[in-house]
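*Asks:* Single-letter residue listing:
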Amino acid sequence: MSSREEVDFESDAEDLPARSVSPAVLGAPSLVAQDVHVTYRVVGARERRRSKGKQSLLRRAWNRGRQHTGGAIEVHAVRGVSFVAHHGESIAIIGTNGSGKSTLLRALAGLQPISGGSVYVSGTPSLLGVNAVLMKKLTGERNIIIGGLALGLTRAQIDAKFDEIVEFAGIGDQVYLPMNALSSGQAARLRFAISTALVPDVLMIDEALATGDAAFRQRSKERIEQIRDAAGTIFFVSHSLASVRAMCTRAIWLDKGVVRMDGPVDEVADAYREHVRADKREVRRARRAARRAKLGEEEWARRREARRARRLAQQAELEARQDAGVGR
Amino acid sequence: MGAAAPALSATVDTPQAAAQLAAAHGLKPMGVRPPLREYVRAMWQRRQFTQVLASSRAYAENQGTYLGQVWAILTPTMNALVYVIIFGLLLKASRGVDNVIGFIVVGVFVYRLFDDGVHSAAKSIPSNSGLIRALQFPRAVLPTSGIVSKFIGQLPSMIVMAVFVYVSRFLPNNAPVPITWHWLMLPVALVLLCGFTLGTGYVFARVCSGLPDLLNFFPFVFRLLMYASGVIFPINHYVHDATLGTILEYQPVALFLDLTRQSMLHEPAYPFTWSKWLIALAWSVGVLVIGFVFFWRAEARYGRE
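Sequence lines, in order, name chains A and B. Counting from 1, position 319 in the first sequence corresponds to residue 319 in this note's numbering; the numbering is continuous, with no gaps. Counting from 1, position 268 in the second sequence corresponds to residue 268 in this note's numbering; the numbering is continuous, with no gaps.
Think of the hints as simulated: they come from the structure by calculation, not from any bench. Glycine residues also receive a C-beta, built at the ideal position from the N, C-alpha and C atoms. Be aware that one or more of the hints could be misleading.
Label pairs and their computed distance ranges (CB to CB) [to be verified]:
1) A:57 with B:241: 33 to 39 Å
2) A:230 with B:294: 54 to 60 Å
3) A:162 with B:279: 44 to 50 Å
4) B:38 with A:68: 42 to 48 Å
5) B:38 with A:72: 29 to 35 Å
6) B:221 with A:284: 55 to 61 Å
7) B:279 with A:62: 50 to 56 Å
8) A:72 with B:278: 51 to 57 Å
9) A:37 with B:247: 47 to 53 Å
10) B:70 with A:176: 42 to 48 Å
11) B:218 with A:176: 17 to 23 Å
12) A:159 with B:278: 40 to 46 Å
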């Protein structure tokens, strides 16, 4: 199913759940995004400018100094995304690294302020992300309580679900250890278990399934299907086209912050794979050109070296002749 | 672009269309600042979250050492011992108070509550970016739990403080401090101080989230404020100008130190005066409300960096 170019974290075919069928009648809208823009500010970074021609010493000193005083860069990561998601739909967001997928997901979850447009959601969306850090110094037990309370559960509800969460995460007594004593896979499982303790209307998954062993992947996929069957909406960001095709009914291809294609998962995934292949061909061609250019330069350097050697030899010959003259 | 199934049937080309569609299906807008009343209610709903976050943080502060929570007592004790050695045994200046040790220990310990509290609130938005990016909750929870965790974490040091105030009678030149019902007023003074610290913390949390450079000014501003509030020497002993003296006496930080000294010490210079408690109450509530509203107004913008 997957071509050689794709790196698949979850390529075991038996792992993948049965292909979900697009429901004949879509549910009511669960998320409306209209012309969403996200700009974030990076403080303490400055773009390095090329100097234009010759500059005065003072000017150069000023520029040299300026490089080291912060400044801020505005990054326009998402540029005008619009779509409507429905209950019972599972939507993949695909695109190359840096195309704004994770940022868009955070913005839809209300975790990243949007700079333009509007987002309307049913209920409180829950985001599972690779960088959704819990509190590292605290124990897993504390993190379950904090996470549950943050999701809006009461202490009694958390106590009732506690064993279930620990069991689902499959970390046993290690839940009483500080988080930084757990492996990253164990931490990711615990995070997944906490976030899905309360079945959300809209669940967003940001490549969270790449971690964990086969058994855990199987369990988490079952949990995701449960949520989808409960007429929730699922957003799924992944680089694995195989799992995207298996889990989703619809795909949105994001390219440099703009929706390049939105439609049934197979159509979009095919187009995306074609694009990635074309891109790779382009990269290979560019690399060849660069190698040629480099070879040319080496040749030039070799000639320059030869010229310099010839000049040195001439000079040495001249000096030797002068020495001979003085000695006479 | 792609000929999609019914998914794209509902078009949202204009903001009005989106709003209409959302309203028709009961969807709520995201990333919009909620009304103040709703925000306060959400804060109240998350009070357990705030409290657990605060107490876990206070607890985690002393984790990772062999003595663990013993440090909660040990650190303030050693801190107070330094003052005993320097001001009780080496420098024997009375500075116009009867019990120098009590005066300094109360001043330093209570001022630290304020200083640490505001500082943790100021850092709360950038230092919790993980939580902000993972979970949705009113962001005022973060500065609140930061300050509450400092107050919880320093409760043991309040006990150490009381012990040192009592024991200071055994040092030369330190008048004995009797235990009266005034000691019961210490928690009241601390609650009022907590309200004032929260209000100040909210303001700093919002300002520092947009301009992190301000965090570097912090130590200097707070050291200046420390000397201007009479933490280690009584201001009226050195300032003789009447207007300036009054301003320095009734500025909130000095006032809260005054209250704790009224309740803990037996200084003729700090008689128990109810009027000061009322003024402190006004400061506390006023600054708390103003700070909270100021923080709420930028609610939709936290986490942009």
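*Asks:* Please go over all the hints and tell whether each is borne out by the structure.
*Replies:* Each hint, compared with the structure:
Taking the beta carbon of each, residue 57 (chain A) and residue 241 (chain B) are about 53 Å apart, not inside 33 to 39 Å as hinted. Look at residue 230 (chain A) against residue 294 (chain B): about 41 Å separates their beta carbons, and that is not inside 54 to 60 Å. Taking 44 to 50 Å as the suggested C-beta distance range, the pair residue 162 (chain A) and residue 279 (chain B) conforms, at roughly 48 Å. Taking 42 to 48 Å as the suggested C-beta distance range, the pair residue 38 (chain B) and residue 68 (chain A) conforms, at roughly 45 Å.
The hinted window of 29 to 35 Å between residue 38 (chain B) and residue 72 (chain A) holds, with their beta carbons roughly 32 Å apart. Look at residue 221 (chain B) against residue 284 (chain A): about 58 Å separates their beta carbons, and that is inside 55 to 61 Å. Against the hinted window of 50 to 56 Å, the Cβ-Cβ separation of residue 279 (chain B) and residue 62 (chain A) comes to about 52 Å, which satisfies the hint. The beta-carbon spacing between residue 72 (chain A) and residue 278 (chain B), approximately 46 Å, falls outside the hinted interval of 51 to 57 Å.
Between residue 37 (chain A) and residue 247 (chain B) the beta carbons are some 49 Å apart, a value that agrees with the proposed interval 47 to 53 Å. Take residue 70 (chain B) and residue 176 (chain A): their Cβ atoms lie about 21 Å apart, and the range 42 to 48 Å is violated. The beta-carbon spacing between residue 218 (chain B) and residue 176 (chain A), approximately 37 Å, falls outside the hinted interval of 17 to 23 Å. Our hint of 40 to 46 Å for residue 159 (chain A) and residue 278 (chain B) holds, since their Cβ atoms are close to 43 Å apart.
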